[in-house]
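Asker: One-letter residues, chain by chain:
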Amino acid sequence: MAPTRIVVIDDHPAIVAGVEAWCAKAGVEVVEVGATPAVAWTGPGGAADVIVFDLMLDGQVPAFGDLRRLVDAGRQVIVYTMRDDRDSVLTCLDIGAFAYLTKAEGPDHLIPAIHAAHHNLPCTPPTMARALSTDSRADRAQLTPREVDVLVSWFACESKEMVARKLGLSVRTVNSYIDRARIRYANAGRPAPTKAALVARAVQDGLVRLEDL
Amino acid sequence: MVETTGRGIRLAALLITVASLGGFALPLLIANLATYRSPDQELVAFGLLTAVTLITGTALARNIELKTTRWLLLAATVVASVLAVTGVHTEQVMSESEWSYGLIGWFGLLLLLDKSTRGTFVFLGAHVALSLTYVAATGNDVAGFVVVTTVVLGYQVPFVVATMILRKLAADVAASAARDEQVRTTEAIADQLHADRKARYAALAHTAVPLLENLGKEPPEKAKYAVEAARMRRLFAEHDDVPDPLVHELRACVELAERRGVVVSLDTCGDHPIPPVEIRRALTNEAMRVLATAEDSARVTVLGTPDTVTVSVVARKSVPVQRIEEGPVTVTCIEDGGRIWVEAVWRRQESW
Chain S
1 MAPTRIVVID DHPAIVAGVE AWCAKAGVEV VEVGATPAVA WTGPGGAADV IVFDLMLDGQ
61 VPAFGDLRRL VDAGRQVIVY TMRDDRDSVL TCLDIGAFAY LTKAEGPDHL IPAIHAAHHN
121 LPCTPPTMAR ALSTDSRADR AQLTPREVDV LVSWFACESK EMVARKLGLS VRTVNSYIDR
181 ARIRYANAGR PAPTKAALVA RAVQDGLVRL EDL
Chain Y
1 MVETTGRGIR LAALLITVAS LGGFALPLLI ANLATYRSPD QELVAFGLLT AVTLITGTAL
61 ARNIELKTTR WLLLAATVVA SVLAVTGVHT EQVMSESEWS YGLIGWFGLL LLLDKSTRGT
121 FVFLGAHVAL SLTYVAATGN DVAGFVVVTT VVLGYQVPFV VATMILRKLA ADVAASAARD
181 EQVRTTEAIA DQLHADRKAR YAALAHTAVP LLENLGKEPP EKAKYAVEAA RMRRLFAEHD
241 DVPDPLVHEL RACVELAERR GVVVSLDTCG DHPIPPVEIR RALTNEAMRV LATAEDSARV
301 TVLGTPDTVT VSVVARKSVP VQRIEEGPVT VTCIEDGGRI WVEAVWRRQE SW
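Heads up: the protein sequence lines correspond to chains S and Y, in order. Residues in the first sequence are numbered consecutively from 1, following the working numbering. Residues in the second sequence are numbered consecutively from 1, following the working numbering.
Every clue listed holds true.
Result set (EDC-like, lysine to aspartate or glutamate): computed pairs, CA atoms no more than 20 Å apart in a straight line:
1) Lys224(Y) to Glu213(Y)
2) Lys224(Y) to Glu255(Y)
3) Lys160(S) to Asp108(S)
4) Lys160(S) to Asp336(Y)
5) Lys103(S) to Glu20(S)
6) Lys103(S) to Asp267(Y)
7) Lys160(S) to Asp149(S)
8) Lys198(Y) to Glu228(Y)
9) Lys160(S) to Glu335(Y)
10) Lys198(Y) to Glu278(Y)
11) Lys115(Y) to Glu65(Y)
12) Lys160(S) to Glu105(S)
13) Lys103(S) to Asp11(S)
14) Lys103(S) to Glu258(Y)
15) Lys160(S) to Asp267(Y)
16) Lys25(S) to Asp49(S)
17) Lys103(S) to Asp296(Y)
18) Lys224(Y) to Glu258(Y)
Derived from the structure by calculation, the hints contain no laboratory data.
Input sequences plus hints: build the corresponding full structure.
Answerer: Right, here's the structure in full:
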């Protein structure tokens with residue numbers, strides 16, 4: 001299987017170096033790095049499978065516009081940022097980001113997210129789980145109480161094995177609750193090709209049934 | 001206190017006025033009605049004074065303060081006085097048929113005493129002076145007038161003086177009561193502070209003090225000291241005024257773990273209610289113990305719903321955790337591959 005190729009957009013050299021080091025260990029190929037989204041449009045970056053994107057490029061305003069353009073071009077974007085507030089997470093997911101991670105979440109979450117993005121499989125790191133479970137917007141996707149329980153527990157302990165033991169479920173079931181919640185969000189709000197692809201793949205894999213959505 | 005006294009005095013003045021009006025003036029008026037120069041004037045004067053008495057009595061009963069009405073009533077009293085005196089034939093002014101002289105002073109007391117003692121004296125003085133002038137001008141017996149005046153004022157002036165003394169006493173008593181109250185409050189605060197200190201000391205005495213005593217004796221058990229240090233930190237944090245005391249107190253425990261080089265992430269999920277201090281202690285107890293001995297890293301989260309607060313800690317295996325299944329705060333614990341996940345949950349009940 002061909003290695004996953006990524007482009008890293010981040011203006012902090014230390015972050016870039018860190019991500020490169022983690023990727024080297026995990027068999028992920030970093031084809032291009034840069035401080036602006038331009039590197040993701042042309043050259044080797046333009047052909048990368050996954051974009052790791054720093055939301056706070058100029059340090060002031062979240063780069064939602066750049067994110068939207070990348071998503072609308074059908075790119076798989078993982079937002080990787082210092083911001084951990086719920087609204088930023090939900091906004092990025094609504095735009096069509098594949099996943100949202102904070103920089104406090106290290107390689108244990110970033111590497112699986114990169115692989116999942118490449119294969120279009122849902123991936124919900126803890127900070128994202130928190131945002132989904134505490135969403136109070138009027139037009140939010142409706143989650144079941146069990147899904148909320150699983151998301152909150154996953155955020156609290158960051159271990160699906162422990163969540164499974166606590167709730168008396170199998171790890172597989174825990175994953176399916178989290179993924180179903182994620183798919184509900186992909187199916188709600190602003191349409192985007194990446195969101196549609198995620199839902200289509202989930203239906204195809206039997207993760208959710210069309211009538212559930 | 002002062003108010004009650006003032007009301008009592010006015011009530012007394014009212015009773016005297018009513019008694020004098022009905023028991024003294026009315027019989028005289030009826031008995032001598034035929035002898036007056038103008039019986040109509042006498043009747044109007046009596047009617048006016050009766051009206052003043054009724055209005056003042058009603059106001060007193062309903063506890064309404066007389067404002068401009070007071071001056072209208074006073075004017076009516078003066079008019080009544082003039083009518084009553086001039087309605088009598090001049091040669092009979094010093095006779096029994098002139099019923100108003102002894103009465104008008106009481107009206108002055110009734111209408112002015114609660115407002116001003118000095119004003120009352122001025123009114124009494126003016127009444128006496130004008131009456132004297134009239135008596136002298138009409139060629140009546142001035143010596144007799146002096147005798148009558150002495151008798152009349154002999155009742156009224158002591159009443160005014162007694163009022164002044166009572167008022168002073170009432171004010172003194174009120175001030176003294178306020179001082180006593182202040183002393184009691186100060187004492188209560190001091191007691192409360194003392195009790196707080198004792199409670200804080202008691203909270204540490206069973207755990208921290210024995211450790212301190214054993215410092216020099218046995219090989220130190222690091223974990224115990226760490227837990228006690230965290231407990232003290234938490235206790236100090238309890239007295240800070242912050243919007244979210246639960247997270248603040250947890251942070252106190254977290255900081256201590258961070259000083260030992262443990263990487264701790266402290267995060268919240270959802271809004272949580274603020275539990276009372278005993279509940280916060282119960283919620284943070286196990287987290288504190290786990291953090292105090294955690295190796296390399298730990299994750300602390302406060303999970304909230306409108307009615308529950310959960311303090312969750314995940315760390316590499318450390319101390320044995322005490323599970324609690326009963327009571328307002330329940331503690332559960334899951335161990336998995338060298339890691340431990342402790343959750344303390346508080347469910348808000350109606351009584352909180």
